[in-house]
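S.K.: Could you put the whole structure together from the sequences, leaning on the hints where they help?
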Amino acid sequence: NAGVTQTPKFRVLKTGQSMTLLCAQDMNHEYMYWYRQDPGMGLRLIHYSVGEGTTAKGEVPDGYNVSRLKKQNFLLGLESAAPSQTSVYFCASSYQQGGGQPQHFGDGTRLSIL
Amino acid sequence: AQSVAQPEDQVNVAEGNPLTVKCTYSVSGNPYLFWYVQYPNRGLQFLLKYITGDNLVKGSYGFEAEFNKSQTSFHLKKPSALVSDSALYFCAVRDKGGSGNTGKLIFGQGTTLQVKP
Numbered sequence: 008n009a010g011v012t013q014t015p016k017f018r019v020l021k022t023g024q025s026m027t028l029l030c031a032q033d034m035n036h037e038y039m040y041w042y043r044q045d046p047g048m049g050l051r052l053i054h055y056s057v058g059e060g061t062t063a064k065g066e067v068p069d070g071y072n073v074s075r076l077k078k079q080n081f082l083l084g085l086e087s088a089a090p091s092q093t094s095v096y097f098c099a100s101s102y103q104q105g106g107g108q109p110q111h112f113g114d115g116t117r118l119s120i121l
Numbered sequence: 058a059q060s061v062a063q064p065e066d067q068v069n070v071a072e073g074n075p076l077t078v079k080c081t082y083s084v085s086g087n088p089y090l091f092w093y094v095q096y097p098n099r100g101l102q103f104l105l106k107y108i109t110g111d112n113l114v115k116g117s118y119g120f121e122a123e124f125n126k127s128q129t130s131f132h133l134k135k136p137s138a139l140v141s142d143s144a145l146y147f148c149a150v151r152d153k154g155g156s157g158n159t160g161k162l163i164f165g166q167g168t169t170l171q172v173k174p
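These protein sequence lines are chains A and B, in that order. Here the numbering used here is used: the first residue of the first sequence is 8, the next is one more, and so on. Here the numbering used here is used: the first residue of the second sequence is 58, the next is one more, and so on.
Don't take each hint at face value.
[Stated by the list, open to error] Below, a sample of chain A positions facing chain B; criterion: calculated Cβ distance under 7 angstroms: (1) LEU50; (2) VAL95; (3) PHE97; (4) GLY107; (5) GLY115.
[To be verified] Away from chain B, derived, C-beta distances all over 10 angstroms, residues of chain A: (6) VAL57; (7) GLY65; (8) PRO68; (9) LEU85.
These are calculated hints, taken from the structure and not from any lab test. Even glycine gets a Cβ: it sits at the ideal position worked out from N, Cα and C.
M.R.: This is the structure we're talking about:
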């Protein structure tokens with residue numbers, strides 16, 4: 008049981024380059040989330056999805072796009088990377104039922120923008 | 058506005074001593090509260106949650122948390138700390154903003170727990 012898998016684990020980009028981070032979950036969760044983690048700032052929600060084919064903006068969506076074409080996958084795209092997007096990115100997923108379902112996290116993607 | 062605060066950036070305790078990691082929250086209505094732990098180079102792992110019922114919630118690895126509605130707090134506790142408990146701990150509250158249940162969480166800034174032998 009893999010849970011939540013993120014690829015790649017590490018990446019270095021140059022300013023202006025684009026890339027896509029992939030998140031896959033095998034728990035049949037309806038909800039999926041993308042966060043960024045920066046020192047002293049906790050986790051900030053970038054985008055989220057409440058089901059296949061749906062996405063919504065979180066707290067810090069600028070500079071990112073997402074897609075959820077399949078229930079198990081949630082993609083995060085950077086169209087034109089900027090140094091301010093250097094961060095650790097985490098994907099999470101959870102069940103829909105009730106409001107008390109915990110989120111399950113992947114191990115993160117460490118992204119450096121030069 | 059809904060928010061979560063962890064007033065301590067770091068907590069230091071000696072192995073075998075009790076530990077407390079503090080969390081306070083601000084949310085309308087009844088809160089859904091969570092604690093997560095993050096080990097180096099890993100994602101967050103769920104420890105425990107409070108939804109309703111008994112104010113003392115027990116979770117993984119011997120951790121527990123006490124919900125106090127009057128003080129709007131949800132402090133994480135463990136009777137006897139282990140060196141292996143050293144990690145980054147996050148408190149979170151379910152975001153009740155907007156319409157419908159989206160499962161979104163609002164996280165605190167995190168508290169680093171250092172347990173020394």
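S.K.: Next, verify each hint and record whether it holds.
M.R.: Results of checking the hints against the structure:
The restraint placing A/LEU50 at the interface with chain B holds, with a minimum CB-CB distance near 4 angstroms, inside the 7 angstroms limit. Violation of the interface hint for A/VAL95 is found here, the shortest Cβ-Cβ separation to chain B being roughly 9 angstroms, above the 7 angstroms cut-off. Satisfaction of the interface hint for A/PHE97 is found here, the shortest Cβ-Cβ separation to chain B being roughly 6 angstroms, below the 7 angstroms cut-off. Checking A/GLY107 against chain B: minimum C-beta separation of about 4 angstroms stays under 7 angstroms; hint holds.
Annotation: A/GLY115 was flagged as interfacial toward chain B, and the flag holds, the nearest CB pair being 6 angstroms apart, inside 7 angstroms. Annotated as non-interface, A/VAL57 brings its C-beta within 10 angstroms of a C-beta of chain B; the closest such distance is 6 angstroms. Consistency note on A/GLY65: stated as away from chain B, yet its beta-carbon is not over 10 angstroms from all of that chain's, at 7 angstroms minimum. Consistency note on A/PRO68: stated as away from chain B, and its beta-carbon is indeed over 10 angstroms from all of that chain's, at 13 angstroms minimum.
The beta carbon of A/LEU85 is kept farther than 10 angstroms from every beta carbon of chain B, the shortest such distance being approximately 20 angstroms.
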